[in-house]
Amino acid sequence: MGPQLSWYLALSAVLFTIGVVGVIIKRNVIGMFMCIELMLNAVNLTFVGFSSYFRDVTGQLFVFIVMTVAAAEAAVGLGIIIAIFRNRESLDVDDASILRL
Amino acid sequence: MNENNLLSLIIFAPLAGAVINWFVGRRVRNERFIGAVACGSVAISTLIAFYLAFKPDGALRSTQPVFDHLWTWIQVGRLRADFGLALDRLSGVYALFVTFVGFLIHLFAVGYMHGDKGFYRFFAFLNLFMFSMLTLVLADNFLLMFVGWEGVGLCSYLLIGYYLDRQEAGDAAKKAFITNRIGDWGFVLGIMLIFFLTGSVSFFEKPEHGVVSALQVIGTMGIDPFTWRAIFAGGITSAAVLLFIGATGKSAQIPLYVWLPDAMAGPTPVSALIHAATMVTAGVYMIVRCSAIYTHAPTAMFIVALIGAATAIFAATIGLAQNDIKKVLAYSTVSQLGYMFLACGVGAFVAAIFHVVTHAFFKALLFLGSGSVIHGMHHEQDMRHMGGLKKYMKVTFWTMMMGWLAISGIPFWAGFFSKDEILWQTWSASGFSLPAPGWSKALWFVGAVTALLTAVYMTRMMVMTFWGADRFREKHIDVQHSEHEKGAHEVHEPRESPLVMTLPLIVLAVLSTIGGFIGIPYALGSLLSQHPTNYIERALAPVVSEITTGGESTHESPNSTVISEATHSAAEVSEERLLALVSVVIAALGIGLGWLIFQKRPLRRMPTILEHKYYVDEIYDAALIEPVNAFSREGLWKIFDIGVIDGFLHGLGQVVTQTGAMVRHLQAGFVRGYAAIILFGALAVIGFFTYWSI
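Line by line, the protein sequences give chains A and B.
Residues in the first sequence are numbered from 0 upward in steps of one, following numbering that gives the first Met the number 0.
Residues in the second sequence are numbered from 0 upward in steps of one, following numbering that gives the first Met the number 0.
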């Protein structure tokens, strides 16, 4: 008996939850960033799982879109992180809480 | 149907003049150009009016009005109002004297306003007034008439407040406008009620446009009973009373007369044109135009007669005690308008119009004469500082003398015939609009006393202005003058006005002298010739309604066009001659009294209550204006505006602020907090759909 859909979904849910919890409890901005990537990829995993389950390529196509967006987001996000670090000399997001630079 | 497109040129020529003067004149600023445009446009109107009235099938020669249907203005359901003009015998008479007297006054104003920096503005407004007044007169339905009615009110406002730098001119302009609004309220309601009663607002039948005449529909109705209750019954009497409220506003009758004396703050030609000769007689015109309505509403006619007689004597007594030359003439105008309404009230519509015409001549003359005096006196209006002017201003003196004789009612001058006609008609009024036969004698007595007072105050004015010592040489000890005339006080000798001002005076003096011959009553005319012709009565009788005791009206019925001599019985004729003699005695007595009293002591103190105009302004202030101000200040402003409106807005602001103060804690700026909120929000949405959908 090979891997079933539910296995992929369970793994995806676990990864997503780790990502969510990580974003909420982590203070390090890079850590949060990685957790966001984790959530995105958890979603990607569900897409792929469903795609193979339904024999439909659309889900896989969507994964490419998500990866592209994630790459763009990573570029912008890292740019923001560098800007914050230059300003605050810190990577703690709670130090950047006054809603302006 | 007698159509003629020239008719619209009568109203549009002055409008074009106004537009040219406003847009071109203000750049050119050449008095010759502006004056030529203003006078020229009115001259065009005058010529066309005369042509259309007197051409072979013209308005005054045939019973068919001249129409000019320009366009259908409003058509909603049953309501139809055209932008259509009509020149019938009544509007023909009006159009003739409005354009002609208006032209003379325009001419006079070119001289009077010389050097004024608002020259173009003045003539633009004056032309706009001519446009509005002629629209009012020539309109073939109530709604278009109302447009002209409002237009003349607006121009009156603009011209009273012409001297922008004077506080009292602005106040007087507002007073005139607001007082007129009160009257207009009645007029509008009257029009609505007439539409409600008849389904039409038109004065004329126009079969090819499918228009029926509201007046003819009224003419076929029964006559309202003579009771006070009829006023509030919503019938013809109510409509007539509402229209009369409009007339009291425009024509300065009790209780809305207060604006007219103050309106003298405007330039004198304006006083002559608008506040003596033309606009203020619009109320009389409207009532005569609606004579079919009034002859079906005896109660309303009685009210008109009462108000007219009361105004006549009331204003005449005030006029006795005024020291400002224009104020005397203003109260005289109010008083004479009272006469006209008295005539309307007793059913003598033709006599009312006759008096309108002669009054336009002699009152315009007197006002222009006073303008000439003021001009010659370097803008001094107080008669106490005049005196002895007959040596310096010969033309003005002699022409004003004609006006004086005319208004006093000396035989053969215009005022005598018209005033005498009104008094006779009042004396012999039938019981139709009067509760008891004695009323006609009582109203006649009031009119006769007014005639006496008129002669007295006009004599006083003439004596104070033209006879006696040269009081202008005395030093003015007024507070206002002492400021800038403290040093060497220079006496400006009065000088005669230029020809452009005296020429209109001369023409009007001639008309004031001979103008009455268009309406010599039979009783007097038959003394001179076998078949005397009363031109004005012959012209106007077909278009006004006569009082009928039966059910049907004689409005435009063919047999009323023939005034047969048989209608004059010998007893009536001799009675009328006797009354005319009484009028002459009264006029002579008034002039004699005035001469005796004021020749020796022109500065005699008059009773304080008269000098203060019976404190009517003060009473209005205390009874109406102050309460309204107080209510506005304490109630509307402090309670409603500050409390309710501002309170609501401030309350709204505070609610927003306080909500924000609470909600702002959500926006801590911690990224993880936002993340948590997103998480719980997403969970809530997912949870919702999991539980409640599918």
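Honestly, I wouldn't trust all of these hints.
[To be verified] Some chain A residues judged to face chain B by a derived CB distance under 7 Å, without partners named:
hint : residue
1    : Ile23
2    : Ile80
3    : Leu90
4    : Val92
5    : Asp93
6    : Ser96
7    : Ile97
In short, the hints are calculated from the structure, not lab data.
The beta-carbon is built from N, C-alpha and C at its ideal position, and this holds for glycine as well.
Against the structure, the hints:
For Ile23/A, the shortest C-beta to C-beta distance to chain B is roughly 5 Å, which falls under 7 Å, so the interface hint holds. At its closest, the beta carbon of Ile80/A sits 12 Å from a beta carbon of chain B; the interface hint therefore is violated under the 7 Å criterion. Taking 7 Å as the C-beta contact cut-off toward chain B, the hint placing Leu90/A at the interface is violated, the least distance being around 12 Å. Nearest Cβ of chain B to the Cβ of Val92/A: about 5 Å, under the 7 Å cut. The hint holds.
A hinted interface residue such as Asp93/A counts as satisfied when its beta carbon comes closer than 7 Å to some beta carbon of chain B; here the least separation is about 6 Å, so the hint holds. Satisfaction of the interface hint for Ser96/A is found here, the shortest Cβ-Cβ separation to chain B being roughly 4 Å, below the 7 Å cut-off. Checking Ile97/A against chain B: minimum C-beta separation of about 6 Å stays under 7 Å; hint holds.
Consistency note: the structure conflicts with the earlier hints numbered 2 and 3.
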